[in-house]
Amino acid sequence: MFVTSGLKAIAVGRLVPVKRFDVLIQAWKNIPNHISIVGDGPERLRLETLVANLGLRDRVCLLGERSDVQDLFTDHQLLVATSEREGFGYVFLEALQEKLVVISTATGIAADLIPNDYLINQLSAEKVSLTVERTLREFERAKQDFESVWARARELTVKKMVTETLTTYQDTLSKRSKSEKS
Numbered sequence: 009m010f011v012t013s014g015l016k017a018i019a020v021g022r023l024v025p026v027k028r029f030d031v032l033i034q035a036w037k038n039i040p041n042h043i044s045i046v047g048d049g050p051e052r053l054r055l056e057t058l059v060a061n062l063g064l065r066d067r068v069c070l071l072g073e074r075s076d077v078q079d080l081f082t083d084h085q086l087l088v089a090t091s092e093r094e095g096f097g098y099v100f101l102e103a104l105q106e107k108l109v110v111i112s113t114a115t116g117i118a119a120d121l122i123p124n125d126y127l128i129n130q131l132s133a134e135k136v137s138l139t140v141e142r143t144l145r146e147f148e149r150a151k152q153d154f155e156s157v158w159a160r161a162r163e164l165t166v167k168k169m170v171t172e173t174l175t176t177y178q179d180t181l182s183k184r185s186k187s188e189k190s
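Just so we're on the same page, my numbering is the position in the sequence shown counted from 1, plus 8.
Simulated from the structure, these hints should not be mistaken for laboratory data. Careful, some of the hints might be misleading.
[Unchecked claim] Derived lysine-lysine pairs resembling BS3-like cross-links, with alpha carbons at most 27 Å apart: (1) Lys-16 to Lys-151; (2) Lys-151 to Lys-37; (3) Lys-167 to Lys-183; (4) Lys-37 to Lys-107; (5) Lys-135 to Lys-167; (6) Lys-167 to Lys-189; (7) Lys-107 to Lys-135; (8) Lys-167 to Lys-107; (9) Lys-183 to Lys-37; (10) Lys-16 to Lys-37; (11) Lys-135 to Lys-16; (12) Lys-186 to Lys-107.
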């Protein structure tokens, strides 16, 4: 096993098969760091059993559904997402805005935002484990790799989207009004 400096990981999502938390938990067999899994769903009992069977209770914690995920991000440095399918996972954006390094399957927005070294193209416990281990070992490099991603994520806010949409509508209405007067 490798030694890291107490960095903690987090994963967030409904506990359903498509999120592949089972693969994430299996990957954690070789990772000495703590991971919190936030969410609830029909897979919870199966995942709790897997954690127990693999002897990971000391470092894999299923927190259940939480309303304070944003606060939890401040206590973690790494988000790991192993979903087979994802659209616009707002959790990615929130994590990036809190300056977490993100490791994810190459789905949805992750493929557009996250540097290639942190994307998992073929989901397996081994690939997740290797990517997490490398990232934890080279965490200072990871933070440098994410500087521009974090800056971009700060620009992608709901407030900014609403403001830009409103401006677009106002510009369109203004042009329409001017053309009708002509």
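Tested hints:
no. : hint               : result
1   : Lys-16 to Lys-151  : holds, 14 Å
2   : Lys-151 to Lys-37  : holds, 25 Å
3   : Lys-167 to Lys-183 : holds, 24 Å
4   : Lys-37 to Lys-107  : holds, 26 Å
5   : Lys-135 to Lys-167 : violated, 37 Å
6   : Lys-167 to Lys-189 : violated, 33 Å
7   : Lys-107 to Lys-135 : holds, 23 Å
8   : Lys-167 to Lys-107 : holds, 19 Å
9   : Lys-183 to Lys-37  : violated, 61 Å
10  : Lys-16 to Lys-37   : holds, 15 Å
11  : Lys-135 to Lys-16  : holds, 19 Å
12  : Lys-186 to Lys-107 : violated, 45 Å
The structure does not agree with the numbered hints 5, 6, 9, 12 stated previously, though it agrees with the rest.
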